[in-house]
Amino acid sequence: MSLSNSYKRLLLAITMMVALSACQSTPTTLYQQVGEQAGLERLVDAFIKQIGQDEVVFPYFKQTNVSHFRAGFITHMCDVLDGPCTYEGDNMVQIHTGMKINEHDFNHTVDLLIAAMNEVRLSHSLQNKILARLAPLRAQIIKI
Amino acid sequence: MPRYTLKKRVGMILSLSVLSCVSIALKAKTLTIVDQFGNPVEHAVVELLQSTAQQPVTKTPAIMDQVQKQFAPKLLTIVKGQQVSFPNSDDIRHHVYSFSPAKPFELKLYAGTPKAPITFEQPGVVVLGCNIHDSMVGYIYIAQSSAHFVSDEQGNVTLPDTTTSYWLWHPEQAQEIIERTEHDWPAGHSNSKVEIKLTKPEPRNTFGEMFKEHHGN
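Just so you know, the sequences run in chain order A and B.
Quick note on numbering: the first sequence equals residues 1 to 144 in my numbering.
Quick note on numbering: the second sequence equals residues 1 to 217 in my numbering.
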């Protein structure tokens, strides 16, 4: 009887341990997969370089304050990718109203972001997850 | 014939008296502002120090617009107590700010959403920027009275004959941006030349500046 009891307790302990370790290995956030703050900074810096050297998108950004854009984009990405940030800047509609961005220029900018993600060596599956998070914002950015 | 002569003489007298009137009205001093290389300086502000005239403040707000990601005008001169509105003629948003002691403020300007004008009570200099577009720089000079003048392309300002001393200021001056230098008018002269040391503006924190080599300018 007692042996059977100890066995049960041992089993319970093992189950709990497994459950706990499962807790610890909860699927990481996209923010963590990107490499948290440092990883986001690398990504956004690569994106800034892509924009700065691109003839199509550069005119939109020529007069833009680089530090303001960098800080805002990092925080926004951190928020969208479930990181510990709350983006409190202007929303996507406020930012893009009046820019009248067409399909071509929008898609081209997405290509620049993909190029930046390649540059900082994010896996393609992670890139797809990030793009899936950003995709719903398209309607708030384009043709307004 | 004699009547004609009389008419001619009356006409001459009349035109002479008109001319003398004009010359009295035009009696003024000319100040020429040059930089450290002797080149004429446009957009220098000259404010008379001895003027104590208290004019009623203009009710209509002055306008500092935003056009194609630039302040328009780049330099606005007003009198203390006057209001300035910031209409934003661009389709896109701007975020105008001032850190200047004479009037710190910030104004988020979304297209088609006008904001109430701002009153500038303190005389001095306000430097304007835009948080979003760092290429945008503007200046508001708030004078004590309406006795202030802006130099033309030749660096000249016409001042009243009574001028004895004045302040000089320029948006690109080498010294502190909010400082105005005091000068005395040289006694007995109707023309005077004054030098102001200018400096090249700091590069802006923009994509345009950061990637200018890539785009060949």
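Note that these hints are calculated values from the structure, not bench results.
Only a predicted model underlies this, so the values are computations on that prediction, with no experimental measurement involved.
Each residue gets a CB set at the ideal place from its N, CA and C atoms; glycine is no exception.
Treat each hint with caution, since some may be false.
What the hints assert, rightly or not - So these bits of chain A aren't anywhere near chain B, every CB distance computed over 12 Å:
{"hint": "1", "residue": "Arg42"}
{"hint": "2", "residue": "Pro59"}
{"hint": "3", "residue": "Ile95"}
Unchecked claim - In silico DSS-like links for lysine-lysine, alpha-carbon gap of 25 Å or less:
{"hint": "4", "chain 1": "A", "residue 1": "Lys62", "chain 2": "B", "residue 2": "Lys212"}
{"hint": "5", "chain 1": "A", "residue 1": "Lys62", "chain 2": "A", "residue 2": "Lys100"}
{"hint": "6", "chain 1": "B", "residue 1": "Lys74", "chain 2": "A", "residue 2": "Lys62"}
{"hint": "7", "chain 1": "B", "residue 1": "Lys200", "chain 2": "A", "residue 2": "Lys100"}
{"hint": "8", "chain 1": "A", "residue 1": "Lys62", "chain 2": "B", "residue 2": "Lys69"}
{"hint": "9", "chain 1": "B", "residue 1": "Lys69", "chain 2": "A", "residue 2": "Lys100"}
{"hint": "10", "chain 1": "B", "residue 1": "Lys74", "chain 2": "B", "residue 2": "Lys200"}
{"hint": "11", "chain 1": "A", "residue 1": "Lys49", "chain 2": "B", "residue 2": "Lys212"}
{"hint": "12", "chain 1": "A", "residue 1": "Lys143", "chain 2": "B", "residue 2": "Lys69"}
{"hint": "13", "chain 1": "A", "residue 1": "Lys143", "chain 2": "B", "residue 2": "Lys108"}
{"hint": "14", "chain 1": "B", "residue 1": "Lys193", "chain 2": "A", "residue 2": "Lys62"}
{"hint": "15", "chain 1": "B", "residue 1": "Lys59", "chain 2": "B", "residue 2": "Lys74"}
{"hint": "16", "chain 1": "B", "residue 1": "Lys29", "chain 2": "B", "residue 2": "Lys193"}
{"hint": "17", "chain 1": "B", "residue 1": "Lys69", "chain 2": "A", "residue 2": "Lys49"}
{"hint": "18", "chain 1": "B", "residue 1": "Lys69", "chain 2": "B", "residue 2": "Lys200"}
{"hint": "19", "chain 1": "A", "residue 1": "Lys129", "chain 2": "A", "residue 2": "Lys49"}
{"hint": "20", "chain 1": "A", "residue 1": "Lys62", "chain 2": "B", "residue 2": "Lys108"}
{"hint": "21", "chain 1": "B", "residue 1": "Lys108", "chain 2": "A", "residue 2": "Lys100"}
Quiz item: Does the structure keep Lys200(B) and Lys100(A) at a Cα separation of 25 Å or less?
Solution: Answer violated: Lys200(B) to Lys100(A) is near 35 Å, above 25 Å.
Quiz prompt | Given hint Lys100(A) paired with Lys108(B) - CA-CA distance at most 25 Å | solution = holds, 20 Å
Quiz item: Would you say Pro59(A) is clear of chain B, with no C-beta pair closer than or equal to 12 Å?
Solution: Label violated. Min Cβ-Cβ 9 Å, cutoff 12 Å.
Self-check item: Hinted pair Lys143(A) and Lys108(B), Cα distance within 25 Å
Solution: Answer holds: Lys143(A) to Lys108(B) is near 22 Å, not above 25 Å.
Quiz item: Under the criterion that the straight-line Cα-Cα distance not exceed 25 Å, is the pair Lys49(A), Lys212(B) satisfied?
Solution: Given pair Lys49(A), Lys212(B) holds - Cα atoms ~12 Å apart, limit 25 Å.
Quiz item: Between Lys193(B) and Lys62(A), is the straight-line Cα distance small enough, at 25 Å or below?
Solution: violated, 40 Å
Quiz item: Straight-line Cα separation of Lys74(B) and Lys62(A) no greater than 25 Å?
Solution: holds, 19 Å
Quiz item: If you draw a straight line from the CA of Lys69(B) to the CA of Lys100(A), is it 25 Å or shorter?
Solution: holds, 16 Å
Quiz prompt | Holds or violated: Lys69(B) to Lys200(B), with C-alpha atoms at most 25 Å apart | solution = Since the Cα atoms of Lys69(B) and Lys200(B) sit roughly 21 Å apart, the hinted pair holds (cutoff 25 Å).
Quiz item: Are the Cα positions of Lys62(A) and Lys212(B) separated by 25 Å at most?
Solution: holds, 9 Å
Quiz item: Hey, does Arg42(A) actually stay past 12 Å from chain B on C-beta?
Solution: holds, 17 Å
Quiz item: Taken at face value, is the distance from the CA of Lys200(B) to the CA of Lys74(B) at most 25 Å?
Solution: Holds. Lys74(B) to Lys200(B) sits at ~16 Å (cutoff 25 Å).
Checked against the numbered hints above, the structure violates hints 2, 3, 7, 14; every other hint is satisfied.
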